[in-house]
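Trainee: So the chains spell out like this:
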Amino acid sequence: DGGITQSPKYLFRKEGQNVTLSCEQNLNHDAMYWYRQDPGQGLRLIYYSQIVNDFQKGDIAEGYSVSREKKESFPLTVTSAQKNPTAFYLCASSIRTGVQYFGAGTRLSVL
Amino acid sequence: QKEVEQNSGPLSVPEGAIASLNCTYSDRGSQSFFWYRQYSGKSPELIMFIYSNGDKEDGRFTAQLNKASQYVSLLIRDSQPSDSATYLCAVTGGYQKVTFGTGTKLQVIP
Numbered sequence: 001d002g003g004i005t006q007s008p009k010y011l012f013r014k015e016g017q018n019v020t021l022s023c024e025q026n027l028n029h030d031a032m033y034w035y036r037q038d039p040g041q042g043l044r045l046i047y048y049s050q051i052v053n054d055f056q057k058g059d060i061a062e063g064y065s066v067s068r069e070k071k072e073s074f075p076l077t078v079t080s081a082q083k084n085p086t087a088f089y090l091c092a093s094s095i096r097t098g099v100q101y102f103g104a105g106t107r108l109s110v111l
Numbered sequence: 112q113k114e115v116e117q118n119s120g121p122l123s124v125p126e127g128a129i130a131s132l133n134c135t136y137s138d139r140g141s142q143s144f145f146w147y148r149q150y151s152g153k154s155p156e157l158i159m160f161i162y163s164n165g166d167k168e169d170g171r172f173t174a175q176l177n178k179a180s181q182y183v184s185l186l187i188r189d190s191q192p193s194d195s196a197t198y199l200c201a202v203t204g205g206y207q208k209v210t211f212g213t214g215t216k217l218q219v220i221p
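In the order they appear, the protein sequences are chains A and B.
Heads up: the first sequence begins at 1 in the numbering used here, then just goes up one per residue.
Heads up: the second sequence begins at 112 in the numbering used here, then just goes up one per residue.
None of these hints come from the bench; they were simulated from the model.
All figures in this text were calculated on a predicted structure; none of them were measured in a lab.
Please note that the accuracy of each hint is not assured.
What the hints assert, rightly or not - Here are the computed lysine to aspartate or glutamate pairs in the EDC-like style, where the Cα-Cα straight-line distance is at most 20 Å:
1. A:LYS9 <-> B:ASP194
2. B:LYS208 <-> A:GLU62
3. B:LYS216 <-> A:ASP59
4. B:LYS216 <-> A:ASP38
5. B:LYS178 <-> B:GLU116
6. A:LYS9 <-> A:GLU24
7. B:LYS208 <-> A:GLU15
8. B:LYS153 <-> A:GLU24
9. A:LYS57 <-> B:GLU114
10. B:LYS208 <-> A:ASP59
11. B:LYS153 <-> A:ASP38
12. B:LYS208 <-> B:ASP194
Given only the sequences and the hints, what does the whole structure look like? Please build it.
Mentor: Put into structure tokens, the structure is as follows:
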């Protein structure tokens with residue numbers, strides 16, 4: 001099945017720890033995105049990438065890092081510098097029309 | 112001013128009625144406009160997209176775009192309880208950067 005796979009579904013972070021959220025797509029889409037969603041809020045853009053080996057900061061990039069070494073993969077690392085990481089993280093990919101397809105999301109909590 | 116604004120709701124409509132959801136945006140250079148539906152605890156899914164001024168219909172859904180007034184709306188005819196969800200408006204500008212509104216929660220009352 002074609003789609004976007006995010007893992008894990010649930011993740012717990014200890015204080016001072018870096019954690020990495022996985023996002024893989026087999027839709028052959030060039031662009032990929034990471035969003036953060038807090039309860040009752042909309043989606044806020046963390047990072048996006050339009051092509052392999054290139055990515056841009058979104059509106060809330062501080063405390064996060066990404067890489068885009070392969071077209072299919074766009075992992076997000078939540079660093080210890082992100083002091084309030086508890087949220088629902090969504091990965092998406094798109095073609096030039098801008099229509100975005102989302103993964104099922106990862107819920108990150110702090111222990 | 113927020114780049115994409117939506118009334119958070121909740122918007123309550125009786126079953127079978129028309130639900131009207133509105134969205135305004137600030138960037139006049141915006142090119143593409145999208146409506147996504149998000150059920151509680153789930154990821155967003157695309158309902159419709161629109162690029163040109165006017166109306167676009169797909170089944171019970173109609174998207175309306177007015178670039179001069181910088182608003183886009185979504186009409187849902189014959190609303191069903193299964194339509195109860197949060198509806199997110201999204202706008203694309205340059206470099207395919209997408210900005211989402213905070214969403215409008217719709218409740219369809221049986």
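Trainee: Does each hint hold? Answer for all of them.
Mentor: Checked hints:
| no. | hint | verdict |
| --- | --- | --- |
| 1 | A:LYS9 <-> B:ASP194 | 25 Å, violated |
| 2 | B:LYS208 <-> A:GLU62 | 18 Å, holds |
| 3 | B:LYS216 <-> A:ASP59 | 24 Å, violated |
| 4 | B:LYS216 <-> A:ASP38 | 15 Å, holds |
| 5 | B:LYS178 <-> B:GLU116 | 15 Å, holds |
| 6 | A:LYS9 <-> A:GLU24 | 13 Å, holds |
| 7 | B:LYS208 <-> A:GLU15 | 32 Å, violated |
| 8 | B:LYS153 <-> A:GLU24 | 18 Å, holds |
| 9 | A:LYS57 <-> B:GLU114 | 17 Å, holds |
| 10 | B:LYS208 <-> A:ASP59 | 10 Å, holds |
| 11 | B:LYS153 <-> A:ASP38 | 13 Å, holds |
| 12 | B:LYS208 <-> B:ASP194 | 28 Å, violated |
Against the hints set out earlier in the document, violations occur for numbers 1, 3, 7 and 12.
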